[in-house]
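Given these sequences and hints, build the entire structure.
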Amino acid sequence: LEETHGSAADAGQSEQLESVDDPINTHFICFSHVDGHLYELDGRKKFPINHGPTTQESLLKDACGVIQGFMARDEGEIRFTILALAAAPADDDN
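For the sequence shown, this note's numbering begins at 1 and goes up steadily by one.
Simulated crosslink set (SDA-like; lysine to any residue; CA at most 20 Å straight-line):
1. K61 - F80
2. K45 - D74
3. K45 - T26
4. K61 - H33
5. K61 - A86
6. K61 - D35
7. K45 - R73
8. K61 - L85
9. K61 - A84
10. K46 - C30
11. K61 - H51
12. K46 - H27
13. K45 - V66
14. K45 - F70
15. K46 - V34
16. K61 - I49
17. K45 - V34
18. K45 - F28
19. K61 - H37
20. K46 - V66
21. K61 - C30
22. K45 - G69
23. K46 - I29
24. K61 - I29
25. K61 - T81
26. K61 - N50
Between beta-carbon pairs, the in silico distance windows are:
27. I49 - A87: 24 to 30 Å
28. N50 - T4: 29 to 35 Å
29. D35 - E75: 31 to 37 Å
30. I67 - D35: 18 to 24 Å
Don't read these hints as lab results, they were simulated from the structure. Here a beta-carbon is modelled for each residue, glycine too, at the ideal position from N, C-alpha and C.
So, in structure tokens, the structure goes:
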């Protein structure tokens, strides 16, 4: 992952913004379970956004609900990508 990121960054595919207030159309956000709530972390926003209660078991479903809202709001937009970083499932055979 680090090597791929490095080669993409070196290719110069992204422009450097002059200011943090400059508009940007594509970026990354993160959803996280913190103290029983679903938080959205977006570098373009001043504070995390609390999307309400969640659990470890319902985190994926709850985050997908928020993402579906984004997609409904931007109907016709196809530039959505989802990446999950998670622990590997336990191997019951060992």
